[in-house]
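Colleague: Okay, here's what each chain looks like letter by letter:
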Amino acid sequence: MSARILVVEDEQHLAEGISENLQQEGYAVEIVGDGESALSSAGAQAASTS
Amino acid sequence: VPGYPGYGVTIRPGRLEHLQAQRRASIRMFAAEGTTFLCILVAGTVLILRSVRREMELMRQQANFLSAVTHELKSPLASIRLFIETLELRDPPPEKRARFLANMRGDVDRLDGLVNNILAVARLDSGRFVVHVDRGDLGRDVADVVEALGKIPRNAVWPSISLCLLSPCSRAMTWACSRPCCATCWTTPPSTAAPSSRCTWPWRGRATGPSSKSVTRALAWPPRSARRSFQKFYRVGEEMVRQTEGTGLGLYLARELIRQLGGSITADSPGVGKGSTFRVSLPLDREEQA
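In the order they appear, the protein sequences are chains D and A. Note that the numbering used here gives residue 19 to position 19 of the first sequence, counting from 1, and the numbers run on in steps of one. To get the numbering used here, take the position in the second sequence, counting from 1, and add 1000.
It is worth saying that the hints were derived from the structure and are not from the lab. Note that the structure is predicted; figures quoted are calculated from it, not measured.
Label pairs and their computed distance ranges (CB to CB):
1) A:L1049 - D:S41: 43 to 51 Å
2) A:A1078 - D:E30: 18 to 26 Å
3) A:R1228 - D:D10: 19 to 27 Å
4) D:Q12 - A:D1144: 20 to 28 Å
5) D:D34 - A:R1140: 38 to 46 Å
6) D:Q24 - A:R1105: 20 to 28 Å
7) A:T1266 - D:A46: 47 to 55 Å
8) D:L22 - A:A1102: 19 to 27 Å
9) D:D34 - A:V1133: 38 to 46 Å
10) D:Q12 - A:A1148: 15 to 23 Å
11) D:G35 - A:L1049: 35 to 43 Å
12) D:E30 - A:T1266: 37 to 45 Å
13) D:D34 - A:R1099: 22 to 30 Å
Quick reminder that beta carbons are idealized off the backbone N, C-alpha and C, glycines included.
Work out the full structure: start from the sequences and follow the hints.
Modeller: Quick look at the structure:
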């Protein structure tokens, strides 16, 4: 199972470019646009893995 | 005399009247001088407060300028650099390559717009910006605006945009409406910004009145911020936690250009998250008015 990376970036272009490069390196990528979404996403991920 | 039992003071009637007249004159003088000094004090305080307020406004503009321009320069540059390196290192398939190039073109357009806006503000402030009024095609101009609005990506901040045109001028409206007085509106999304009759905004102006159009956007602000939104570098909320790109120059430039055309622009919003409405009024051509 590949490592999972949460990308927090409000610029859609940048997020897409970063995601593309990380995916090419074999990571699973999730993109969110702000801090609140990042916290809830990270919380949901932690709950699902515990 | 108190403290001197057996002694008294006698003043001649003429002298007493003279002293009383002197006393009244002194009271009048002190009242006049006191009022004058009070007025000077109040005026000075008001001037100092206005000066402090202006100074604070300049400091806010400077801080907003630095913050917004830094962000608006850095983000597109970082994006362009990222895509150049991605194209160099990853050799993506053609469809991704095309998308990356389109992203880079969008970033270059964004930088170009920023520089043009700053130059326009500099020319406006120095009085070197002069609008040359010429006859135009209202239908074509509105079609351009509708097309530009359709290109704005929709998200939580920009869920929809409507453009309404109101005109008493039959010739200008023949492209959209055959009646002499009508309102025609476009709403996006859906992606095709086709004219619709959903907006029933009655025209109340005289036949020789100004043509008007209005753009409603989902962006919004507290009611007291409506007038300030036209100030240079003014943006609602905290500069460090922006959800939208921009420098706070667009509405300032719009107001100044519309003023130079002899028109006016107003903005109002019922509150944060409830949308906002901009009304632009422009004078008709003299031949159209005739």
